[in-house]
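Following the hints, complete the assembly by docking chain B onto the known chain A.
The primary structure of each chain is shown beneath.
Protein chains: 2
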Amino acid sequence: MSEASQFTPTERFLRSCRGEPVDRPPVWLMRQAGRYLPEYRRVREGVTFLEMCRDVERAVEVSLQPIDLVGSEAVILFQDIFTPIPGMGVELDFSPGPVLADPIRTAAQVDALGVPDPNESVPFVFEIIRTLRENLAEREVPLLGFAGAPFTLAAYMVEGRGSKDFGVLKHMMHREPAVLEALLDKLTACSIAYLNAQIEAGAQAVQLFDTWAGLITADEYRRWILPRHQEIAQAVARDRAPLILYINNGAHLLDASVEAGVDVLSLDWRVDLAEAASRHGDRVSLQGNLDPCALAAAPEKIAEMVGAMASAAKPARGYIANLGHGCLPQTPVEGVKAFTQAVRAL
Amino acid sequence: MSEASQFTPTERFLRSCRGEPVDRPPVWLMRQAGRYLPEYRRVREGVTFLEMCRDVERAVEVSLQPIDLVGSEAVILFQDIFTPIPGMGVELDFSPGPVLADPIRTAAQVDALGVPDPNESVPFVFEIIRTLRENLAEREVPLLGFAGAPFTLAAYMVEGRGSKDFGVLKHMMHREPAVLEALLDKLTACSIAYLNAQIEAGAQAVQLFDTWAGLITADEYRRWILPRHQEIAQAVARDRAPLILYINNGAHLLDASVEAGVDVLSLDWRVDLAEAASRHGDRVSLQGNLDPCALAAAPEKIAEMVGAMASAAKPARGYIANLGHGCLPQTPVEGVKAFTQAVRAL
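Same order as they appear, the protein sequences are chains A and B.
With the working numbering, the residue at position 99 of the first sequence is 99, and numbering never jumps.
With the working numbering, the residue at position 306 of the second sequence is 306, and numbering never jumps.
Isolated chain A (complex conformation) (with noise of 0.2 Å):
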């Protein structure tokens, strides 16, 4: 391999989203920084999953530790998408879930909601990634900062809690659609505050969760969700750090959130890579898409996955391996592991 074919893995991943020529894809795992690690699991001993992402220190070594541990070429900030809301003024706890003491349904609750400057509702998290950056600087690795999306964030919050059928939401969509959209408006101010506020303090790309905007219709998405997208990819300090939309679900939005205006679209496992990668991969990189139970196969069956994985995305401009949903707490290290080997023999 010639000098000029070689780049940092912040290159790589960068260049990656922006659909420049890279040596290989670059490759990290969604949630790659939770329970399935048993030192993970050391450091989060003891302590609530708000303290834990309120403590600095605990923070930026579970952050770091899928670099070794996994093989991981990427860092993603330690934080949950709810750590921005009790801020707004909302009381709200983990249960394993986000629960809300009071789900948001009326106008006047969404009127009472505050828009905060981050800096000042949660100090910890640009703490954690002006560290992160310190620690990361040698090793030239890059750091991902996150927010959750605004109709996933309403979603929770106007049903209270997690749902099989998010009707609550459903029906504030159909019969108060004008509390959704003040809800949403709401959160995507503070989305792309968040965000900002996270590329101003180190971030180096930034990845927007939507977890549940596949719950809704193509049509619903373009009414509800695509306009919040568009303006988020508008507002974001894009040329500071590419933007990555995830959709959890989403085969049936795939043409649809193209028009969303990011860099990279990251996709679940459903979602056929070779046919996003040809349709649209001209306009937009992509990211994913192993189903996390498939960690489970045998290491050699692994690499296969990823062999055909890899050549699914080759019409794209831009392809960053990682899976089509987090890591679970019952994954396999050594299926981690045999996944970012993979991807670095590619």
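These are calculated hints, taken from the structure and not from any lab test.
Treat each hint with caution, since some may be false.
Cβ-to-Cβ under 8 Å is the rule here; a few derived chain A residues that face chain B [said to hold, decoys possible]:
hint, residue
1, Thr8
2, Thr10
3, Ser163
4, Gly167
5, Asn196
6, Ala218
7, Leu328
Where a beta carbon is used, it is the ideal one built from N, C-alpha and C, also for glycine.
Same frame as chain A, but now just chain B:
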């Protein structure tokens, strides 16, 4: 309207399944006999779900309720997809979903499963069907039977209960494929026998529910599920009762599932009905696919959505109006009525 364009509900339904011309689409709703109906809850009172399934009188009563109470134009046998499973030698309970005392995880457990004659193992099902047909003869409303699809039954049987990720099932897919194959083989034989016995007893159409098929990729669907769907489509007496295949969350499986060779594909609400109709409507009739949560909308909005749905389905050789998933306990009865009325007014 001329005399020639008049069809009984049974004729309209069966002709739509087979793609023969009709005056307008027929309408029914998945899980139309359910907790959203106060009259259902009254019959259900004081008995367990399993008792209710085996109680011919009560099962007949709730099966018939949706005709007069909400204007449905087809009756579906009141049962659960797990009805025939205890007959295979599996101990199971509902709490509220199916829960197995001993999840099926080894080759020995699969070997021990029987493929019973449904007329011996669940005679009450056929008594319910015969009684329903007697009740429906005068009204000329069609009676549908149904069965769980092998993959969905296997998913619960391996996992032991419902799950978010079905990690144990997928572990088996990747690590013990022969065990899963053998389990699917037995379940396929059971489903075929069960559906044919229902047709023999008087079911005029049958629906196969593959609730969990959407968990896997299109390639995995072709490997694990499609051959079973095809086998069922070939072995079921479709000349006597058309076969409807429902896949939940299957937008990414649409193209592959057409190859199953069934008479009707029942689509979940995420699938673009217009696209499905134009791409595959010459080969297969379509059923669906309004989001059950949309029945929370105002009646005039529901009528609008029904109109849009019927227009989208136009290119298909046949179309049956339905939801994209079952009625939910919180579904408003008024919304269900608005739905059937809007279809009847088409």
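Notebook entry, point to check: Can alanine 218 of chain A be said to touch chain B, with a Cβ gap under 8 Å?
Noted result: holds, 6 Å
Margin query: Would the hint on threonine 10 of chain A be counted as holding, given a Cβ-Cβ threshold of 8 Å to chain B?
Written below: At about 31 Å, which exceeds the 8 Å cut-off, the nearest Cβ of chain B leaves the hint on threonine 10 of chain A violated.
Notebook entry, point to check: Does the nearest C-beta of chain B fall within a distance shorter than 8 Å of the C-beta of threonine 8 of chain A?
Noted result: This hint is violated: threonine 8 of chain A lies away from chain B, its Cβ roughly 33 Å from the closest one there, beyond 8 Å.
Note to self: Please check whether asparagine 196 of chain A passes as an interface residue: C-beta within 8 Å of a C-beta belonging to chain B.
What the structure shows: violated, 32 Å
Item checked: Hint validity - leucine 328 of chain A Cβ closer than 8 Å to any chain B Cβ -> For leucine 328 of chain A, the interface hint holds, since the closest Cβ of chain B sits about 6 Å away, which is under 8 Å.
Notebook entry, point to check: Can glycine 167 of chain A be said to touch chain B, with a Cβ gap under 8 Å?
Noted result: holds, 5 Å
Notebook entry, point to check: Going by Cβ atoms only, is serine 163 of chain A closer than 8 Å to chain B?
Noted result: Violated, because the Cβ-Cβ distance from serine 163 of chain A to chain B comes to roughly 11 Å (cut-off 8 Å).
Hint compliance for this structure: hints 1, 2, 3 and 5 are not met, and every other hint is.
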